[in-house]
Amino acid sequence: MSIEVRIPTILRQYTGGEKAVEGSGGTLAELIDDLESRHSGLRDRLVDEKGLRRFVNVYLNDEDVRFLGGLETSVKDGDNVTVLPAVAGG
Amino acid sequence: MLEIDRSTYDQIVAHARRDHPDEACGVVAGPAGSDRPTRFVPMLNAARSPTFYEFDSQDLLRLYREMDDRDEVPVVIYHSHTATEAYPSRTDVSLAMEPDAHYVLVSTRSPDEEEFRSFRIVDGEVTEEEVRVVSAFTTGAPEPGAQDSHGRTDDRPDHEESVPR
Chain A
0 MSIEVRIPTI
10 LRQYTGGEKA
20 VEGSGGTLAE
30 LIDDLESRHS
40 GLRDRLVDEK
50 GLRRFVNVYL
60 NDEDVRFLGG
70 LETSVKDGDN
80 VTVLPAVAGG
Chain B
0 MLEIDRSTYD
10 QIVAHARRDH
20 PDEACGVVAG
30 PAGSDRPTRF
40 VPMLNAARSP
50 TFYEFDSQDL
60 LRLYREMDDR
70 DEVPVVIYHS
80 HTATEAYPSR
90 TDVSLAMEPD
100 AHYVLVSTRS
110 PDEEEFRSFR
120 IVDGEVTEEE
130 VRVVSAFTTG
140 APEPGAQDSH
150 GRTDDRPDHE
160 ESVPR
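The listed protein sequences correspond, in order, to chains A and B.
Counting from 1, position 19 in the first sequence corresponds to residue 18 in numbering that gives the first Met the number 0; the numbering is continuous, with no gaps.
Counting from 1, position 119 in the second sequence corresponds to residue 118 in numbering that gives the first Met the number 0; the numbering is continuous, with no gaps.
Derived from the structure by calculation, the hints contain no laboratory data.
Even for Gly, the Cβ is constructed at its ideal location relative to N, Cα and C.
Check each hint, because a few of them may be wrong.
Stretch-level coverage of chain B by chain A, calculated; a stretch enters the list once three of its residues show a Cβ under 8 Å from a Cβ in chain A [as the list claims (entries may be wrong)]:
id: 1; region: 43 to 55
id: 2; region: 84 to 96
Facing chain B, according to a computed beta carbon distance under 7 Å, are these residues of chain A, among others [what the hints assert, rightly or not]:
id: 3; residue: Ile9
id: 4; residue: Tyr58
id: 5; residue: Asp63
id: 6; residue: Ala85
id: 7; residue: Gly88
Just chain A, same shape as in the assembly (with noise of 0.2 Å):
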């Protein structure tokens, strides 16, 4: 068991195509480092000095993570990560 993380077309660069991967961790911090150790400059991506990029979301089982706990929201295996780039503009 694992969690599957879903991967919009803009950063599948990182996952030679895949529009799915699988990663372990306790937390969604945890989960992202792992990403990162196969998937080198997804971390980038998604997160910044100040935790979860404004413009990208991150769901847990379709709840945003924002209205969870943020970087430090517990995951566990058999849950579903989904990442979206906000779509807006000005």
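Given chain A, work out where chain B should sit, using these hints.
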């Protein structure tokens, strides 16, 4: 070039007018690989602002799930500018995350004049493209005598009048 049918084009403009003075936004989904915008999906501007738009995060997830299930992609991503020209702002460029999408900008700054333009935004670079309005998508090939974005019938082999303004 963006090829779009008249009814979808009109729906985008109508949405922009309806939400004025706030920015309106949405997508037109289409079958993956077709480059054909066929399913008009107006979205709520969660920012409810005259100078910013953002899809609500739950709506965004639902939209992408739905497109995934139907094997669709966002062929067109549109939004309006309410006081400035229909050209991507710096914010639009820095937040554009769909290199395969046609970014459509509609300006509602003039109540009488229609401004509808389309762009590719890839790696921070903006490229305007021609907008070709067809009466409807029927067969695989563009129809002869399709109207361009100025509503003129264009059946000349060389579309000098329908190049981007």
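- Query: Which of the listed hints are not met by the structure?
  - Reply: No numbers; nothing is violated.
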